[in-house]
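Engineer: The primary structure of each chain is shown beneath.
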Amino acid sequence: MAIPVRGFAVCLRAARAPLVDCDGAARPFAASGPPLTSMRVASAPWSPGSPASAPSIARRVAAMASTHGLLPALLACAVATLAAGVLLRVFDLSNVVILFLFTVVLVALRWGKLAGAVAALFGVVSFDFFFVPPVYSFHLSDTQYLFTFALTLVVALVIGQLAARLREETASAIAGEHRATALANVAGLLSAAVSTEEIVDECNNTIAPMFGSRGWLLLPDAQGRINTQEPMLDGAVAQWVYARGREAGCDRSGEGSPVRYTPVVSPLGTRGVLALQGVAPSPSAAGEQQRLFEACCALIGQALERIHFADLAREAEVRIEGERLRHALLAAVSHDLKTPLTAIRGMAETLESATGLPQAERVSAVRAIRDQSDALHRLVVNLLDLARMQEHGIHLNREWHAIGEVVEVALAGAAMALGARQIHIHLDADLPLVELDACLFERVLANLLDNAAKYTQARANLWIGAHVGGNGLLLQVEDDGPGLPSDVLPETLFAPFARGVRESAISGVGLGLTLCRSIVEAHGGALHAYPRQPVGARFEIRLPLRQPPSIEPEQNL
Amino acid sequence: MTRQRILLVEDEGDIRHFIRVALEREGMTVFEAANAWEARIAAASRQPQLVIMDLGLPDGDGKDVIRDLRGWSSAPVLVLSAREHEQEKVAALEAGADDYLAKPFGVPELLARVRAHLRRANLIGMGGATLSIVRFGDVQVDLATYEVSRNGAPVHLTPIEFRLLAALIRGYGKVITYRQLLLDVWGPGYSDRPHYARVYMNNLRQKLEEDPARPRHLVTELQVGYRLAGICRGEATLSAAPPVPSERGLETRYQA
Chain F
1 MAIPVRGFAV CLRAARAPLV DCDGAARPFA ASGPPLTSMR VASAPWSPGS PASAPSIARR
61 VAAMASTHGL LPALLACAVA TLAAGVLLRV FDLSNVVILF LFTVVLVALR WGKLAGAVAA
121 LFGVVSFDFF FVPPVYSFHL SDTQYLFTFA LTLVVALVIG QLAARLREET ASAIAGEHRA
181 TALANVAGLL SAAVSTEEIV DECNNTIAPM FGSRGWLLLP DAQGRINTQE PMLDGAVAQW
241 VYARGREAGC DRSGEGSPVR YTPVVSPLGT RGVLALQGVA PSPSAAGEQQ RLFEACCALI
301 GQALERIHFA DLAREAEVRI EGERLRHALL AAVSHDLKTP LTAIRGMAET LESATGLPQA
361 ERVSAVRAIR DQSDALHRLV VNLLDLARMQ EHGIHLNREW HAIGEVVEVA LAGAAMALGA
421 RQIHIHLDAD LPLVELDACL FERVLANLLD NAAKYTQARA NLWIGAHVGG NGLLLQVEDD
481 GPGLPSDVLP ETLFAPFARG VRESAISGVG LGLTLCRSIV EAHGGALHAY PRQPVGARFE
541 IRLPLRQPPS IEPEQNL
Chain H
1001 MTRQRILLVE DEGDIRHFIR VALEREGMTV FEAANAWEAR IAAASRQPQL VIMDLGLPDG
1061 DGKDVIRDLR GWSSAPVLVL SAREHEQEKV AALEAGADDY LAKPFGVPEL LARVRAHLRR
1121 ANLIGMGGAT LSIVRFGDVQ VDLATYEVSR NGAPVHLTPI EFRLLAALIR GYGKVITYRQ
1181 LLLDVWGPGY SDRPHYARVY MNNLRQKLEE DPARPRHLVT ELQVGYRLAG ICRGEATLSA
1241 APPVPSERGL ETRYQA
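Order-wise, the sequence lines are chains F and H.
For the first sequence, position 217 (counting from the first letter as 1) is numbered 217 according to the working numbering, and the numbering increases by one without interruption.
For the second sequence, position 68 (counting from the first letter as 1) is numbered 1068 according to the working numbering, and the numbering increases by one without interruption.
Everything labelled a hint here was simulated from the structure, so no lab data went into it.
There could be a bad hint or two in this list.
Result set (DSSO-like, lysine-lysine): computed pairs, CA atoms no more than 30 Å apart in a straight line [to be verified]:
1. Lys1063(H) <-> Lys1103(H)
2. Lys1103(H) <-> Lys338(F)
3. Lys1063(H) <-> Lys454(F)
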């Protein structure tokens, strides 16, 4: 088995790392295709993806030589020797030695320690062979040259090693800076994300390409299942990685390069799986790349966790707000239910016990019972509507209606409550049909008319008008009563439990307008309150208009 | 004049009680039934002229009782229901009921409807089928000659408008569902197009009503259908003087 020299450790590790089959069974990593490194080992380089054949020893040595800069070192020595041969015509032999030292420094700076040492050795050897008399021989005429060689060799080695270390430190400083910049970028991108979708986008489009050709961040659903439609990915492997919190590789033969699955871990557990395809960094940069990759995974995990907790906090807030509303509703409803019930019961008992009650008193007691039960009825109807809408959402039973019919029915229903109030209706004769839930919409008008009856004096005027304006239908209900309360904004009237007159004798929990607005908005419309000039209030409903269905002309029927 | 016989089917005792008191004060005889079984027996033995029926009975659905009743009786049926869904109303009407009242209802409203339906049944019983002239408000319709006039002036109606009006007249003031109207006027292919009825009803109102926005005769039953109110036959004008001002509106709305 042919393995790159430094890939040996890799293979041992890879053999321990399990690989999950598509059917979910784990099998040893090394048994399948090309080995993938376990990235948790920072020093292990990523193996080249090509399957190892059997290269000749010469080719391996040559490869190694080129890898570590040995060939350039030998070449540099040769060049230095030639140069020295030329220079020796002008300079003294002892001065030319410096040229070899200089070469060693250059080689060590460029190709590292080993190349520097080789250059030092060959420099000394070629100096001996070519320049020290007798030339073209390793024999020495003067034994003091031995001292010179030894010293030169030691000096060359030391200088070479120092230069090489300088080079490595510079390189690692530059790489560190690159990593820091990249990390800062990733951190910036992730911290700007406000939803998991954005994080997924950043991972797939920005972060993954830093490490491989393509990448996907896979997130579990509510049941902890990882689903993916991506044909390159294997859901079972991703699920395994997510469940175990361990890394795995998967090669689906013939479908491009293998995909590596890395768990995205946050302090409180695994949050997802990052799948990378086409991981091919240069071996020398592998360690840096690996550390950067791990740091990015940690950042992604933290970002996911941050959003998870932000979601939890938001849900809790909604729940608390719902709870608060429920309490307010309960308090208001129990007040508004009990008040008329108490009155009804009291009046009934008065009628029951008092035998000598004057006729006028009896009539007013009976009238009061009826009024109170009407109020109770209106409240119950609103509550039921509200409960129905909250339970099922607002379900609209839309049909094409003539708005005039809805007004007619609402007016007939409110006739008793409106009493002697003058009602002026201005509906254009050619109003188009509107698509609405007539029963819900009748509730809107009924509530507006009820409000008018509740808050205006017995001889007030009411105006109901409808016309097409802008790109919608405009429906207005106006009165010349006391108008909207001056101390609150008109919009607050539409908040639940808002009432113009605080704790007044007028019953109703202020659900009416809230209900009206919900219904109108469910129709895609808007409901607003305005003061009417010179006195009174004006409620305006704006409904969007669509092309009504065609009606066949009569002669065709 | 003989006392009119009313069958009251309602499982709640208090409601039965106040309806009974109200009807007896009107000079009617009331028979009570608290469930579907009693209702079937009472209907057969008492031969009521009008039935007031609660839909939610302890031993069955009021609609089934109405269907059975329709097999042999044409007495008007007035449905009482706490269920607000329009589908329920439509189902009751199509089972054979003539009208419905949603709980809670007022006594004046109930009485107005009972009177209206008794008058209507009376008109049919008088053999009015031979009379082709019908009046409501200031409108006169001759079903034989297709002539319609308002305040003596002829009104032109298109054939569809006339068929719609005739269908309402044939109902004698009972609620006619959209489906029934569409089948009757437009034919089977149109039963799911209630907007046809709405558009033509608007035309009819513009031509026949004094105030089309607040019709007194061509009355909307939202999501259910229409009824023709205030109808009378030939020269026989039937109108009772309403006792309290607030009931005047009801009387007109439900007068047949």
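Engineer: Next step is simple, just say for each hint if it's right about the structure.
Structural biologist: Tested hints:
Among the hinted pairs, Lys1063(H) with Lys1103(H) is consistent with the structure: their alpha-carbon atoms are about 17 Å apart, no more than 30 Å. For the proposed pair Lys1103(H) and Lys338(F), the alpha carbon gap of about 21 Å is at most 30 Å, so the pair holds. At most 30 Å may separate the alpha-carbon atoms for a hinted pair to count; Lys1063(H) and Lys454(F) exceed this at roughly 38 Å.
When the structure is compared with the earlier hints, a violation turns up for hint 3 alone.
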